[in-house]
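My request is simple: use the sequences and hints to build the entire structure.
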Amino acid sequence: MADDITLGESLRRRGLTRRDFMGFCAAATSVMALPPALIPQVAAALEAAKRPSVIWLSFQECTGCTESLTRSHAPTVEGLIFDFISLDYHHTLQAAAGEAAEQAREEAMKANHGKYILIVDGAIPLGENGNYSAIAGVSNLAMLKEAAAGAAAIIAIGTCAAYGGLPMAAPNPTGAVPVSEIIKDKPIVNVPGCPPIPTVITGVLAHFLVFGALPALDRLGRPLAFYGQNIHDRCYRRPFYERGQFAETFDDEGARKGWCLYKLGCKGPITYNACATTKWNEGTSFPIQSGHGCIGCSEPGFWDFGGLYKALSAPPGNAGATVASAAAIGIATGALAAALNRSNKKAAAKAHEALGVKDLGKGS
Amino acid sequence: MSAPSVEKGIRFIREQIDAPVASFFSACVHCGLCAEACLFYTQTQDPRYTPIHKVALMRRVWESEFTLWGRIKSALGLTKPITEADFTEWETLVYDGCSLCGRCSLVCPVGNDISGMIRKVREGFAAAGHAPEGLIGATTRAIEIGSPMGVRLPALQAQIRHIQESTGLEISLDRPGVEYMALLSSMEIMNFPEYLEAIARILRQAGKSWTISSKAFEATNSGIQIGASDLARVLVQRIVDAAEELGVKMVISPECGHGYTAIRWDGPNLIGRPYKFKVKHILELLDEFREQGLIQTQGLEEARLSFHDPCQIARKGGVVRQPRALLGLVAANFVEMSDAGAMNWCCGGGGGVSANERADALRLTAFKQKKAQLDALKVDTLVTACANCRITLEEGLEANDMNIPVIGLTEMIAEHLVETDRIEEKSA
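Residue numbers (this note's numbering), protein chains in the order written: chain H, 1 to 364; chain X, 1001 to 1428.
In case anyone wonders, no lab produced these hints; they're calculated from the structure.
Everything numeric in this text was worked out from a predicted model, so none of it was measured.
Any given hint could turn out to be false.
[Said to hold, decoys possible] Simulated restraints, written as ranges between beta carbons of each label pair: (1) X:1150 / H:330: 41 to 47 Å; (2) H:252 / X:1029: 41 to 47 Å; (3) H:236 / X:1339: 43 to 49 Å; (4) H:324 / X:1365: 54 to 60 Å; (5) H:324 / X:1133: 57 to 63 Å; (6) H:242 / X:1032: 33 to 39 Å; (7) X:1341 / H:361: 37 to 43 Å.
Ideal Cβ placement from N, Cα and C applies to all residues, glycine included.
Right, here's the structure in full:
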């Protein structure tokens, strides 16, 4: 349950040292892409903040987003759950089960009405009156509407909650939709990705804690601090793209040399995410670095792009033959024109009479 | 031999149209940047002096005979033929209003060698009988006498005798097997004999063997200026024959801008083969001597002085670093002119303009560009490395009541040269 005391007090009661606290503040500041000079302000804000109540609802999803969250290192998920937020309902992480679990959710919603943060992962099926997915006999649709009514803000974690993701992929048999299709009267932050980068999930929460408000968003509702840059623009393989050096298959010379994966279907050029800079597993690597193209998982409709291994813009049809015949006609025309011009010049040269000083006089 | 005519002129222009010319005309974007780079335009503000406009007749030949639309238009009788009046009108633009300084070629954003095209189109004007009287006279004298100013061998011999008597320096004619063959411009023989004495002293001090050919001492090439490759070839061939007969290793181009261009760059193309000797400008050679420690100087010029970069030597020849290094030896108060080096403004007398009396008034108008540069600098002395620049600058300064002496750089180095009594000449 959310405490009425401030975060600072709560932390001291739990025996967290000042040094540990400042360490967390520094990590949170960098995750939010804020300058280091702001660390003291972040510390002051966190010191005075109240631990917010967080309710996490999982709908049509695969638990991958939760798996990702549990791998967060800055702040760690333990630190996040025990020190900074009050995670009152999360059916994968909570100890309670059955009726006790649902009771905890209802109590938290009642006690913190209008103040809690609602986190949703997974899409919501609308087909068959929403009966494709239910928890404790309550359809996802009904549970979302009920929980959203008392939320201060909603964070849609993962591409399913943000844009529909895999459940909504054609032909979308369950009529799945993202959170934003159902809830129109609450602020929503989309944190897409399949799954999202763990530090991005915790970074958004940290931002809410520090500033008491949601971060600046792009046109697709994503925090600009993490989704403001294009994977392709920040990719370390970009120089190979500029030079036209591409891997053609996954086991050719180019692939071994680490050339650009564009022709192997990399979606980096149309994808906005922090993978190329923040990276995964405590900054160890990201898909392109491990030899596979970006699949564009943080973009709307990524499952319907038309094939993970299809290059973004391959020439349509039999372009080779068309280009070859056009080139042949062009070369023939050019050669003819050049021959005509050459003979013209040659005739003039042949008619050349060496100029002597006597020929320089004024013309008639 | 057919008489000069419009048809002959057009034929000569047609002969000059090659792939570079075709791509230059195709690439021109009509931006007008070349106008601002041309001193004849900036000082007259007359748009007819826009460099690319000066080759309009060549463009008309190219358009009507070498392009598809031009051919169709010609077939339909829609092309305006080039007339005698056109040649008369453009003659003053091509010869009087262009010193072939090459500044326009450097600023052209699409890389068109406009100055090179003006040089080419002059071939047509010379063949059509539309070259200026002054240049025809100079070219005739160069071919028939051996010098555009009519300087004959006895005049040179008299100069040599005079120098030998007053200084005791040895200057030999036609000495085979030496390392260097020096060329001179007529201007240096008649107006600036200091140059010959200067190189004699410097080469003696450096211990170099050298000579002058009695058959080819003249460095200038009026054929290049008037735009008659047939005559330019004759003049280059004389130097090549003399140098190869004497078996020299290097020909030294004197302080003469277009003479350097003619022998260094145009020459092998004109005669159609590489030389058996090297060619260097005197400043290149002096700077090598400086680097190798072959010459030392003493004392510094205290006067505030600047260097006028001759177009053919700096812009077209790339000799920019060397004069600065040499001035560093002898000048205490050297100041750089605005646009110095490759972008320097022409004196206004290059490309045959100074030999063309008809262009005198225009040349003095164009000199205002140089005057503005000098006014801003307030120098006591001006140094240069081209006898033609030097005479043009002197005339321009005099016309504007400006009291600034103009000095050749080689001569200035010789004045400060440390000379030892006996130098053994190293064999070539």
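Here is how each hint holds up against the structure:
1. X:1150 / H:330: 41 to 47 Å: 57 Å, violated
2. H:252 / X:1029: 41 to 47 Å: Cβ of residue 252 of chain H to Cβ of residue 1029 of chain X: about 43 Å, so the range 41 to 47 Å holds.
3. H:236 / X:1339: 43 to 49 Å: The hinted range 43 to 49 Å holds for residue 236 of chain H and residue 1339 of chain X, with Cβ atoms some 44 Å apart.
4. H:324 / X:1365: 54 to 60 Å: Taking Cβ atoms as reference, residue 324 of chain H and residue 1365 of chain X lie about 59 Å apart, which means the hint holds.
5. H:324 / X:1133: 57 to 63 Å: Since the Cβ atoms of residue 324 of chain H and residue 1133 of chain X sit about 60 Å apart, the hinted range of 57 to 63 Å holds.
6. H:242 / X:1032: 33 to 39 Å: 35 Å, holds
7. X:1341 / H:361: 37 to 43 Å: Check passed, 41 Å falls within 37 to 43 Å.
Of the numbered hints given earlier, the model fails hint 1 alone.
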